[in-house]
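Take the sequences, apply the hints, and build the full model.
Number of protein chains: 2
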Amino acid sequence: MSSLPARPLSASQVEPLRSGDLTRDFSEQVFPALERELTRATVNDPGLPAGLEDALRRAVGVPGGGGRRWRPLLTLATARACGREIHEILSVAVAVELTHTASLVLDDLPCMDDAGERRGLQATHRRVGSAGAILLAIGLLARSAELLATAPRGGADLAGAWGRSFGLSGMAGGQAVDVTGAFQTGGHARRLHRKKTTDLSSFAVWAGATAAGAGDRTRQALYRFGRDLGWAYQLADDARDLEEDSALGRGPGGRRPQEQAYRLLGRARRRLREAPGLTTEGRQLLDELGGQIVGEPSPTRDWNQGDSTC
Amino acid sequence: MSSLPARPLSASQVEPLRSGDLTRDFSEQVFPALERELTRATVNDPGLPAGLEDALRRAVGVPGGGGRRWRPLLTLATARACGREIHEILSVAVAVELTHTASLVLDDLPCMDDAGERRGLQATHRRVGSAGAILLAIGLLARSAELLATAPRGGADLAGAWGRSFGLSGMAGGQAVDVTGAFQTGGHARRLHRKKTTDLSSFAVWAGATAAGAGDRTRQALYRFGRDLGWAYQLADDARDLEEDSALGRGPGGRRPQEQAYRLLGRARRRLREAPGLTTEGRQLLDELGGQIVGEPSPTRDWNQGDSTC
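These protein sequence lines map, in sequence, to chains Y and F. Position one of the first sequence corresponds to residue 23 (this note's numbering), numbered consecutively onward. Position one of the second sequence corresponds to residue 23 (this note's numbering), numbered consecutively onward.
If you're looking for bench data, these hints aren't it; they were derived computationally from the structure. These figures come from a predicted structure and were not determined experimentally. Any given hint could be a false lead.
As the list claims (entries may be wrong) - Footprint (simulated), chain Y over chain F, 3 or more residues, beta carbon under 8 Å:
id, region
1, 125-133
2, 145-156
3, 170-179
4, 189-195
Glycine is no exception: its CB is placed at the ideal position from the N, C-alpha and C atoms.
Next up, the structure:
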């Protein structure tokens, strides 16, 4: 078990994943340390213009209020499944969440999605203007690079794969396709569009395994698990939007995206079974966590037995 | 000598540094390979919206037209001074130039400096809009991370130091102070403001030494050399602006920033002398290159003899 304190958080601090036992126990165990490290990552040198550091903390959602944190939880759960202590991998998990936050700050800009709110609060550019928001996003990416460099293993590989995940062949490319509507042209553009969502979730899982020192076959299978899970999450999110529209009389509603999400979740779980060397408990945790991320009504226990080395 | 082709470039391809013999020979030797790798770094997966890859190439200035490239030249010259072949270090030098280009693309945005032109061409946001320009800048940073990860030595250290150089404690913080005018409040803010310029030049030199496998004392002295040189460059640039204003009858003119630049160049050269283990030719090359960067009228030969190991 981890050496981290298992202090449960109050509901006002973070919104824990609704979960089966393993996921709940794991989330309650790691959330305090994760939030503490996220808070530390938002501290800057003196001299930064007034308001920017505060806006940075609000964007990251510290203390408390930063959403479900499922990407860094995936990183930590993967490392646990590979037999490592969580405290070793915290910097990598924090880098994943900061990179996600950077993408949200940029997506919300007036020149992108022009969103005035994020997580029920003012969007970052509403607090510090577009220039401030862009520079904060750059700062979040920069801090991610610093944190990945301190990983106990594979620091250079992590930095390289992280670059691929958020660049023009990954998240930024997917966002470009999204902003321009080019994904409607199909083919390559549609594949690139998916990477807006999938490249960070696959990196989150792969990074946990890499920092834990897992072998190539394990990392490759886990990468695919993270990719399928990321797309299943996106489809489930689309399904929720459709349901909301339907409830407001704005659209047809329907279950198709949710069904697709479950089908993809099933594929993700098969990928997980293909990953050699995970601990039994860790494999079960990742399986449950996947179900929670995609919004499965009740945790399944249809996971494969693994052995205890990674 | 490097194994790279020593093919001289035509004037239309790049603008070489005006130089003493060593700098000119070195520039002519490495420019073709540098431009080739810069061009390769701008290739993307299919699916990117039309116009973005072309805008990326124009921002980086390939083929031909990307300014003096003094930062990557510093990286390569430092590695040479540490006894390494240039081709090993090209990816690091390219990362330095791409990071510089990302900062220019962001600085030019309407919400920042609102510059319509860069190097005599349309600014990137004039070609692809603010959203496109922001995503291209993110893509340039991402590609930089990928390239640094392939360095022959010190990949994780390079990624971490690179993060510090462009984040809120470095270039992005300096730009935030610049945009808000907070540097006028003095103290911490003024120090942070300088980092807008100095953090990439110090990283450029340090990264060349780190990828070359230089020892700590050498890297520390070279880091300070790069920092002082970066600030000297900025002061010389300010002096040129003042002279132009004076010629147009807009200001008093005056030599003070240029004098400060030369004084700082002198300090940078003292830092260079403090760096143990540089090759004799490499030390002379860095000394000359420093003079060229700051706009010294004629190359000095007042450099220290070094030994041949690093």
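Okay, the hints, checked on the actual structure:
Given a C-beta distance limit of less than 8 Å, the hint that chain Y covers the region 125-133 of chain F holds, as 3 residues qualify and 3 suffice. As drawn, the region 145-156 of chain F meets chain Y at 5 residues by the rule of a beta-carbon pair under 8 Å; at three or more, the given contact holds. Coverage of the region 170-179 of chain F by chain Y holds in this model, with 7 residues showing a Cβ closer than 8 Å to a Cβ of that chain against a need of three. With 6 residues bearing a CB less than 8 Å from a CB of chain Y, the region 189-195 of chain F meets the requirement of three and the coverage assertion stands.
Of the numbered hints stated above, none is contradicted by the structure.
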